[in-house]
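Visitor: One line per chain: the protein sequences are A and B, in this order.
Count the first sequence with our numbering and you get residues 46 to 279, in order.
Count the second sequence with our numbering and you get residues 46 to 279, in order.
One or more hints might be untrue.
For chains that are exact copies, the list does not tell them apart, and a pair is met inside one copy or across any two.
Unchecked claim - Pairs of lysine to any residue residues, derived as SDA-like cross-links and limited to a Cα-Cα distance of at most 25 Å, are as follows:
{"#": "1", "residue 1": "K257", "residue 2": "F198"}
{"#": "2", "residue 1": "K257", "residue 2": "V180"}
{"#": "3", "residue 1": "K257", "residue 2": "A232"}
{"#": "4", "residue 1": "K257", "residue 2": "E204"}
{"#": "5", "residue 1": "K257", "residue 2": "V212"}
{"#": "6", "residue 1": "K257", "residue 2": "E142"}
{"#": "7", "residue 1": "K257", "residue 2": "R138"}
{"#": "8", "residue 1": "K257", "residue 2": "A207"}
{"#": "9", "residue 1": "K131", "residue 2": "F198"}
{"#": "10", "residue 1": "K131", "residue 2": "V224"}
{"#": "11", "residue 1": "K257", "residue 2": "R203"}
{"#": "12", "residue 1": "K131", "residue 2": "D159"}
{"#": "13", "residue 1": "K257", "residue 2": "I269"}
{"#": "14", "residue 1": "K131", "residue 2": "A232"}
{"#": "15", "residue 1": "K257", "residue 2": "A230"}
Hints were generated in silico from the structure; no laboratory data involved.
Bear in mind the structure is a predicted one, so any value in this text is a computation, not a measurement.
There are 2 protein chains.
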Amino acid sequence: MAGPPRPARPVPPAGAARAPSGTPGDGPRTYAPDHPGKVRSMSSRSTQILEAAARVIARRGVRGLRVEELAAEAGVSTALIYYHFKDRTGVLRQTLEFINDRAERYTTDRDPDDPPLTPREELEETLLLELQDTVEVRENSSAWGELRASAVFDEVLREDLARATLVWVQEVAALLGQVQPMVPASALAGAAERLTALLEGLSMRWLSGGIKIGHARELMRGAIDAELSGLGQG
Amino acid sequence: MAGPPRPARPVPPAGAARAPSGTPGDGPRTYAPDHPGKVRSMSSRSTQILEAAARVIARRGVRGLRVEELAAEAGVSTALIYYHFKDRTGVLRQTLEFINDRAERYTTDRDPDDPPLTPREELEETLLLELQDTVEVRENSSAWGELRASAVFDEVLREDLARATLVWVQEVAALLGQVQPMVPASALAGAAERLTALLEGLSMRWLSGGIKIGHARELMRGAIDAELSGLGQG
Numbered sequence: 046m047a048g049p050p051r052p053a054r055p056v057p058p059a060g061a062a063r064a065p066s067g068t069p070g071d072g073p074r075t076y077a078p079d080h081p082g083k084v085r086s087m088s089s090r091s092t093q094i095l096e097a098a099a100r101v102i103a104r105r106g107v108r109g110l111r112v113e114e115l116a117a118e119a120g121v122s123t124a125l126i127y128y129h130f131k132d133r134t135g136v137l138r139q140t141l142e143f144i145n146d147r148a149e150r151y152t153t154d155r156d157p158d159d160p161p162l163t164p165r166e167e168l169e170e171t172l173l174l175e176l177q178d179t180v181e182v183r184e185n186s187s188a189w190g191e192l193r194a195s196a197v198f199d200e201v202l203r204e205d206l207a208r209a210t211l212v213w214v215q216e217v218a219a220l221l222g223q224v225q226p227m228v229p230a231s232a233l234a235g236a237a238e239r240l241t242a243l244l245e246g247l248s249m250r251w252l253s254g255g256i257k258i259g260h261a262r263e264l265m266r267g268a269i270d271a272e273l274s275g276l277g278q279g
Numbered sequence: 046m047a048g049p050p051r052p053a054r055p056v057p058p059a060g061a062a063r064a065p066s067g068t069p070g071d072g073p074r075t076y077a078p079d080h081p082g083k084v085r086s087m088s089s090r091s092t093q094i095l096e097a098a099a100r101v102i103a104r105r106g107v108r109g110l111r112v113e114e115l116a117a118e119a120g121v122s123t124a125l126i127y128y129h130f131k132d133r134t135g136v137l138r139q140t141l142e143f144i145n146d147r148a149e150r151y152t153t154d155r156d157p158d159d160p161p162l163t164p165r166e167e168l169e170e171t172l173l174l175e176l177q178d179t180v181e182v183r184e185n186s187s188a189w190g191e192l193r194a195s196a197v198f199d200e201v202l203r204e205d206l207a208r209a210t211l212v213w214v215q216e217v218a219a220l221l222g223q224v225q226p227m228v229p230a231s232a233l234a235g236a237a238e239r240l241t242a243l244l245e246g247l248s249m250r251w252l253s254g255g256i257k258i259g260h261a262r263e264l265m266r267g268a269i270d271a272e273l274s275g276l277g278q279g
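Next up, chain A with everything else stripped away, as it sits in the complex (with noise of 0.2 Å):
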């Protein structure tokens, strides 16, 4: 599922990002021995530890998530980490985003060269590559229902959850909006919070082993037929 589109992170403070080594936080494997003389930025060093809390997430649980096993995971010091991330919910927010930020992109990237798509393809090409049978997708599907899953116990991270939910539904309400103009807001919101949750629902049941993917592509599609037919009509 992973999900909604957002603007871009914000770029972290520039003083941050040239803190010489030896600060609290520049563990012993953060400049990687196979890329002698590489400096990486703040920027680069954030990224890999927030690939490694997704496949952390994704392989474990949010509740599988320690510091100490990120740290190992990333090939960073724990210092590291805290000093990015502040704490262990700092690393969960951010990875919320992250993920986000990695679902954006598989789920819009089009080749320049291909042909434009019609509206009700965009729609039905941003749900269904969620649906997808790759490392990537499943990592970050996996991670995001667990993010949910978390926030059923753990209030931290709903505030973020509902957030990035909404800027999904409305991205999703908008294409919706390009295929069926004439439908109020109101109208389209409704079918975007469906078609999202459903493919949430879908997602899961793909993961825990009850679908075969292209099942769920199948009924993601059966969906999208149904809500446009209803919207039609409406």
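With chain A's structure known, arrange chain B on it following the hints.
Guide: Using the frame of chain A, we list chain B on its own:
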């Protein structure tokens, strides 16, 4: 979400039900002092353990379920849990069945004095009674969502979950068929899969604080309208 109406649970073997006090598993708190002289059947003690398991899973998740804590929550010894359920996996599988049975009850129980429902009303009620802000439904839905989420990481529950989901889908497909009798079974099954997966997705958004229960119900009603309208045109 919770779920699928299922056939009644098999009755435990009679021998086990009559296990005399003093057998392994008959912990000190099994005969509660406030029930002097009351000899509980195995079935009621199993139920007591499963009720506690559903509470623990809904509160802390599947991964928060340790046999020691379950014993404390249920007020029984760990030995009694191993005696009845063999191991933690046995507890999880039986808890899945237990919450299904409970969902079957709260989505189908009707006052016998109420006028009979139309097929459409019965369909709506079966689905919408999974979206109620009561302690029981909230606990059941949280536990079901957790069991589903845990199956992404752990294969042990996948088969039981798939079977339970299939029974639920078939039940909803049968109700759809009563509303739209001329629709082929495959189209009914697809609509039922979508409606139940959407219900899971909406439940997770509700439980994770993303939407209010009234809005979740309204979206669910809209999906029933859209699916029935789609089936009517097919």
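Visitor: All hints are to be evaluated individually against the structure, with a verdict given for each.
Guide: Evaluated hints:
{"no.": "1", "hint": "K257 with F198", "verdict": "between (29 Å within a copy, 17 Å between copies)"}
{"no.": "2", "hint": "K257 with V180", "verdict": "within (15 Å within a copy, 34 Å between copies)"}
{"no.": "3", "hint": "K257 with A232", "verdict": "between (31 Å within a copy, 18 Å between copies)"}
{"no.": "4", "hint": "K257 with E204", "verdict": "between (32 Å within a copy, 14 Å between copies)"}
{"no.": "5", "hint": "K257 with V212", "verdict": "between (28 Å within a copy, 18 Å between copies)"}
{"no.": "6", "hint": "K257 with E142", "verdict": "between (28 Å within a copy, 24 Å between copies)"}
{"no.": "7", "hint": "K257 with R138", "verdict": "between (31 Å within a copy, 23 Å between copies)"}
{"no.": "8", "hint": "K257 with A207", "verdict": "between (28 Å within a copy, 12 Å between copies)"}
{"no.": "9", "hint": "K131 with F198", "verdict": "within (22 Å within a copy, 28 Å between copies)"}
{"no.": "10", "hint": "K131 with V224", "verdict": "neither (44 Å within a copy, 56 Å between copies)"}
{"no.": "11", "hint": "K257 with R203", "verdict": "between (30 Å within a copy, 13 Å between copies)"}
{"no.": "12", "hint": "K131 with D159", "verdict": "neither (43 Å within a copy, 58 Å between copies)"}
{"no.": "13", "hint": "K257 with I269", "verdict": "both (19 Å within a copy, 24 Å between copies)"}
{"no.": "14", "hint": "K131 with A232", "verdict": "neither (41 Å within a copy, 51 Å between copies)"}
{"no.": "15", "hint": "K257 with A230", "verdict": "between (34 Å within a copy, 20 Å between copies)"}
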